[in-house]
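As given, the protein sequences belong to chains A and B, one line each in that order.
The opening residue of the first sequence carries number 3 in our numbering; numbering runs sequentially from there.
The opening residue of the second sequence carries number 28 in our numbering; numbering runs sequentially from there.
Keep in mind that the hints were calculated from the coordinates and are not lab data.
Quick caveat, the model's predicted, so the values are computed rather than measured.
Heads up, a few of these hints could be off.
Said to hold, decoys possible - Pulled a few chain B residues facing chain A out of the computed Cβ check, cut under 8 Å:
#: 1; residue: 392
#: 2; residue: 515
#: 3; residue: 517
#: 4; residue: 520
#: 5; residue: 521
To be verified - Okay, derived cross-link-like pairs now, EDC-like style, lysine to aspartate or glutamate, Cα gap no bigger than 16 Å in a straight line:
#: 6; chain 1: A; residue 1: 410; chain 2: B; residue 2: 588
#: 7; chain 1: B; residue 1: 409; chain 2: A; residue 2: 274
#: 8; chain 1: B; residue 1: 431; chain 2: B; residue 2: 587
#: 9; chain 1: B; residue 1: 371; chain 2: A; residue 2: 344
All C-beta atoms, glycine included, are put in the ideal place defined by N, C-alpha and C.
These are the residues of each chain, in order.
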Amino acid sequence: MNLVLCFATGCRGRALRSALSKVLFFAFVYDEIMISPERSPPRSSSQSPRSPSATPFLSISVTDPVKLGNGVQAYISYRVITKTNLPEFQGPEKIVIRRYSDFVWLHDRLAEKYKGIFIPPLPEKSAVEKFRFSVEFIEMRRQALDIFINRIASHPELKRSEDLRIFLQEDEETMDRARSLETGIFKKPSDLIQIFKDVQSKVSDVVLGKEKPVEETDPEYEKLKHYIFGLEEHLAETQKQAFRLVKRHRELSQSLADFGKAIKLLGVCEGDTLGKVFSELGSKSELLSIKLQKEAHNLLMNFEEPIKDYVRAVQSIKVTFADRANAFRQHCELAETTKLKEINLEKLNIMRSDKAREAEIEYRELKAESEQATRKFETIVRLMNEEIVRFQDQKTADMGLAFHQFAKGQAKLANDIADAWRSVLPKIEACSLNSQHD
Amino acid sequence: MMGPEAETPYGFDPPSAREEMESLALSDVPSSDYRSAMSSLPAALSAASVDGGGGDPLLSPPPHLQFPPASPASGDGSSSSASSFLDPPSYADVIFSPFESQHNGGGGGGDHGSFLRRDSSPRSARAATSDYLKISVSDPQKEQETANSLVPGAATYITYLITTRLRSAATRDGDSVPAEFVVRRRFRDVVTLSDRLAEAYRGFFIPPRPDKNVVESQVMQKHEFVEQRRLALERYLWRLAEHPVIGKSDELRVFLQAKGKLPLPTTTDVASRMLDGAVRLPKQLFGEGPAAQVAPEDVVQPAKGGRDLLRLFKELKQAVTNDWGGVKPLVAEEDKEFMEKKEKMQDLELHLTTASQEAEALVKAQQDIGETMGELGLAFIKLTKFETEEGIYNSQRIRAADTKNVATAAVKASRLYRELNDQTVKHLDTLHEYLGLMLAVNGAFSDRTSALLTVQTIMSDLATLNTRIEKLEAASSKIFGGDRSRLRKVEELRETIRVTEDAKSCAVREYERIKENNRSELNRLDQEMHDDFLSMLKGFVINQVGYSEKIANVWATVAEETSRYARGSN
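Please model the entire structure based on the sequences and the hints provided.
Structural data, given as structure tokens:
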């Protein structure tokens, strides 16, 4: 399949290319569904389920994690496949290789440029070195990145960003260059910078003798802030329990395996028919151990991860809060400064001073800045109002799906357990009938 | 037969009577019992919840004491509460056909104090042959040590009220015996009972008594400790009562029924026994005649617990000779079948230990998953409340409703897990019980070993004596007219030999008796273990199936309610 891809992307002839694309598509579908079960999680079949499927479409998948590099500098690269019919993109399909820090670059650029929009959250950078290359961690990250990129692609504003296009289309060298340009300044997550700025301005406020930092007093906005902060707390608790539940499944799996083995050994000491019952029971116990292990994984990927994603989303909203607060402050400060300048200018005009002309120019500049700051603030407010609605809708859908997966998984597990144990009953029956004839 | 002399009664119980009792016990459980036991299982399945305490005033106190994990199995209808939720069809089809209607099993008050067995497990079938209907231990009281203590001052101890109900108000000796007895005993009495039983019933698998606890008196009085002990005592007495032979013993009867001080001879401590033995030793070594002989009646007890130091030394020497001497002992363990069985028991013990440990781990894991599920449910409930209170948008309302459904399901599932586990504990408890029984088995085997040792020692003695006679006779014959002093000595020796021969017959008889006890007990164990284990597995499996089905239903509902999200996302 890889060969076909290379061939297709290198092709010039249109007809040949489109024909090959079709072949490609089928090969890709086949690949994703049939050949690589370990690569494709339940959610990612032929296309990412989160991509919009209306006629102008942009569908992206993040696949095929491969470890590159050596030693300390080793990292995981992902294949990002873009399928689209939008004219801005180079053709119906494009494949690039990207790594996690490329995604971070994209995220940070968007966060800079689109203040007011809740930028889809990224999965965390792993702190523990050992865990960095575990299969599970890589799979979780891949899934999260896939969700991330598709959320951007389905956002009315973000999907039009130039940075997205660069990310999806440019070759690896260009990407590397772009990334290293930003590395120095934007390496830290943008919210840290925001917090830093906040602290700065708060300090300066106090130092300058202002009692309170300048803040909005919009009651609805207050409600929203209160809601978001409370939500984060509750979600964090929920996520903690969900993760613990995954662990419990694993623990139960282990003890079922051990129990099964011990029971089988015990059965050897027993007579013939009874021994068989023990043996059967032990086998079923071991079988269930495997099923529990599977369900633990399912829980992790399709229940705990979405909740964690929810938490990240809420944190992203908090970043926007900070942006809004900053914008508000700037708008207020500039408005005030402009006013002062205006008064000053009038004074100068009255005094027919030479400095008046200069002051006039400064005033006009400042006024323009102030207006821009005000516009910026108002944009953020407007965007946020739209975003919050989107957010609520999206989260209802996301959590709904997560709940469904959770319930489905638990139901299936319980049924499997019931079936497995039930199958032992005939043997037990046979044994007890047997013993009655003694 | 509780004379003041400790030694005679036990040794000379006419073996025939005992054997009669044994055979009675064995045949007392006809196959029909088992059949009825099995078929009445559905009835037990539907029996009402285990948590009953009835209005039985004799039930032991704090109702807040729920089933401690060590609570013994009523392995049968413990799946009862499972089935009361289940739709009969999903179950009855698989297992039994006629699904009998619910009935309240037994005389209520299941495991909550007095182990009433319902009529459906192999255990209850066995229990039905016991003389005793119910034994309960209750009402721990603190009492003071009266005079006689070396250290003046209040040494306190705990006494327990033991209430016994007889199965039948059968008449004994023509008088009608009251159906119920109430006595007060302390733990020391239990030790006495256990020691007397160990002496009297050598070769039997005597249920091991609860441990003596070497703890401070402070700890002794703590409620938890007392409660643990109370439960342990109850289990112990009940197990004794269930044993086909020991359950009918005088020792137990006296323990349960004799008012006032326990009329069983107490075990003297090691120190005073040693002292007594030391006093006798010189006479044994230097005196001839009776003092040097092993009294026939003594040989029916092992040398270890007695006062005869000389005998102790001799048997020790014999044991060493057996192990290290090149000569094969005159009588040896020949029963191949027994050797095989013994090995099997060792294997069994090994595997039981592991199984018992893993069973505990499994129970813990089940408990944990249930708990976490519950906590997850709670977290969701809080989330729902929050969203409902602060919600503005419709999507929030929908999400709050969805969250609530999941929360409710999680809490339900958590409860089901807890119930499942409570039942699992009871079933798997059979493993722990049989592991405990291995102790008794080892005890019975060592009874056999020490009886054999006694026989071997006596036979060595006899051989030695005979050799001495030969030597003396040979020496005497060289002297003209015979050596009167030597000949007198020979006479004495012959007398000793005669006594020793008597002792040997006793010892051999005892050994054979113990061998027979071993054999019958092994058979009993085989049968009972087979039934109990089968019952355990069955109960365990049925329990798991029942609860898993319920849990599946709970989640299936939620999956159905949220299925629109799955469709939407594709």
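Tested hints:
Taking 8 Å as the C-beta cut-off, the interface hint given for residue 392 (chain B) holds, the closest approach to chain A being about 4 Å. The criterion of a C-beta within 8 Å of any C-beta in chain A is not met by residue 515 (chain B), whose closest approach is roughly 61 Å, and the hint is violated. Checking residue 517 (chain B) against chain A: minimum C-beta separation of about 56 Å lies over 8 Å; hint violated. The criterion of a C-beta within 8 Å of any C-beta in chain A is not met by residue 520 (chain B), whose closest approach is roughly 52 Å, and the hint is violated.
For residue 521 (chain B), the suggested interface contact is broken, since its CB lies about 52 Å from the closest CB of chain A, more than 8 Å. Only pairs whose Cα atoms come within 16 Å are accepted, and residue 410 (chain A) paired with residue 588 (chain B) is accepted, the gap being roughly 11 Å. The hinted pair formed by residue 409 (chain B) and residue 274 (chain A) fails the criterion: a straight-line CA distance of about 54 Å is larger than 16 Å. With a CA separation close to 15 Å, the supplied pair residue 431 (chain B) and residue 587 (chain B) stays within the 16 Å bound.
Taking the CA atoms of residue 371 (chain B) and residue 344 (chain A), the gap is near 104 Å; set against the 16 Å cutoff, the hint is violated.
Checked against the numbered hints given earlier, this structure breaks hints 2, 3, 4, 5, 7, 9; the rest are met.
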